[in-house]
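Asker: If you read the protein sequences in the order shown, they are chains X and D.
Here the first sequence is numbered in our numbering, starting from 612 and rising by one per residue.
Here the second sequence is numbered in our numbering, starting from 612 and rising by one per residue.
The list treats identical chains as one, so a pair stands whether inside a single copy or across any two.
Derived lysine to any residue pairs resembling SDA-like cross-links, with alpha carbons at most 20 Å apart:
id: 1; residue 1: K657; residue 2: M915
id: 2; residue 1: K657; residue 2: G914
id: 3; residue 1: K711; residue 2: I634
id: 4; residue 1: K638; residue 2: K657
id: 5; residue 1: K657; residue 2: R919
id: 6; residue 1: K657; residue 2: P916
FYI, nobody ran anything at the bench for these hints, they're computed from the structure.
2 protein chains.
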Amino acid sequence: MQRVIWTILAAFVMAIAFGPVVIPWLKRMKFGQTIYDLGPESHKKKQGIPTMGGIIFAVPALIAAFAFSGEGRTDFLLMAVVCALGFGLIGFVDDFIKVKLKRSLGLTPKQKLVPQIILSAGLAFWAYKHSLIGDSLIVPFFGSEWNLGWAYIPVMMFILVGVVNSANLLDGLDGLCGGCSMIDFASMSLICLLMARAYPENSANLLNIAIFCAAMAGALLGFLRFNFYPAGVFMGDVGSFFIGGALAGACLTTRLSLLLPVIAFAMLVSSLSDIIQISYFKITHGKRVFRMAPLHHHFELSGMPETRVVIMYYIVTLLLCLVALLGFVA
Amino acid sequence: MQRVIWTILAAFVMAIAFGPVVIPWLKRMKFGQTIYDLGPESHKKKQGIPTMGGIIFAVPALIAAFAFSGEGRTDFLLMAVVCALGFGLIGFVDDFIKVKLKRSLGLTPKQKLVPQIILSAGLAFWAYKHSLIGDSLIVPFFGSEWNLGWAYIPVMMFILVGVVNSANLLDGLDGLCGGCSMIDFASMSLICLLMARAYPENSANLLNIAIFCAAMAGALLGFLRFNFYPAGVFMGDVGSFFIGGALAGACLTTRLSLLLPVIAFAMLVSSLSDIIQISYFKITHGKRVFRMAPLHHHFELSGMPETRVVIMYYIVTLLLCLVALLGFVA
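Isolated chain X (complex conformation) (with noise of 0.2 Å):
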């Protein structure tokens, strides 16, 4: 547990040296963001706030779960790095063309998805034929096992792919995605130890997962410095990608998939409030259910001040997180 608390110091160090390196760079090659039209009002005084800031935590990120894990086998780190890697690498694209053509949209829906899609069955194929992975889901609280057979494979396409589009619609207020994320990661790290404990024949590989979750959880902390109100920084559709990719990549390798309706519950209520507010706009040809989605900005159109909607959305997380832990002590 002393090795898991260094690499959050030393994530978090590396992300605070990195950051005033890199915002200015940032800057002078005017990544700056466009904000999106159908955003709230008070959101144009964020024009030209750099994005891409994600690198602010991913580098350190991975720098430190590299520098920190190892003892043993380290197959199912390099399953998580490349899932964070892989699907951050789609945002940076996606990024890169936002700013570069001065499109605010970025890529079109169609032309992520597709990628998404090839890398998420690529992963869940390299967890089905794993051997200390395989078909099976942990059910939490329950002590038991789901196997879902061949379904393995769509099932978990599904979350993945969910998963990260989630981070990308959380990302919407300054600090919101990067803080709820940093205690997704910080109880994810803690229930790995804990599951070593449970799992010992599979104990150097779990360790490794709850190393590269304190290093996420570290370099966020760090890039919340830059990132909280009034942000100085965006992390980017390359910041939110790699959140998920990393989030769902934890949870691929540990089986823990089931437990990302808890912990990222804010993740999963930002896409159902956007997937039900589009729903319900078509099918009654105009009607809304919230002021605006995703569900933060409804709160924010409510006339609850930004920060207040961010710690509100904080705490919930830390407390669901809680209750996560509550399957997994003694």
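We have chain X already, so just place chain D on it with the hints.
Answerer: For chain D alone, kept in the frame of chain X given last:
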């Protein structure tokens, strides 16, 4: 450890439920804050926001601590509760006078200090005579103890009065004192859990302090919902003195007072910056080290937005608490 999590959740739920009852009542009773004339200009708009919100977390924390504690010895818990309640009461009197007599500064410094000294003398003597506490302090990271002999009593009095007044000084920005101390209590709770394993002969007492700290952390998390920027309620002296007393009480019983400069670093710098500012001003007949003391006002007046200062304090506190944990984990 499950019991600790349940304590956090219960205290949180009570605080969240208690807030919407207490805040309108405080408003009706006209317990609005009279903003200290010497604070930054930008704080003038905070005039009229209700104060004495400390009861929103103090009452739920005490209820949760009593409800979830119990097994075996409860003398440590009793001492910590007396410490928190005693100092909280002094704060309450101060707030009450401030509001009812419309004196912005409440009690005079001497009127505040005398009861604090009397209370801390009683508590220090009680701990000194206690068979499981005595005259020594644990030296973290070195695995040793520091025997103070009779000097334990004045040293501990200094620590108690120091922590309580430092917590009070830290309470200058929305969510600052509440959030930082929430992190302190969460890590103290974890440290007590780890210590309970290391000292099995005293585990019942240490577990009860873990529960006490968890109750404080959960209740403060609920309070932050109302106190984070832009604050809808302030904790007042009743709140900051209660926090200081609870933290000091947890350290008094567990003999972990030497950990305070690490985990309560934010409180320490608030006090130190105030002392440095005043001393330097007196020595140089009018020169200042900081733009304004305590230090968080200096950052604010240097152009850092209030929320950014608060999140910086949270981040530093969290990292230092992780460092403190390094001394207790394998």
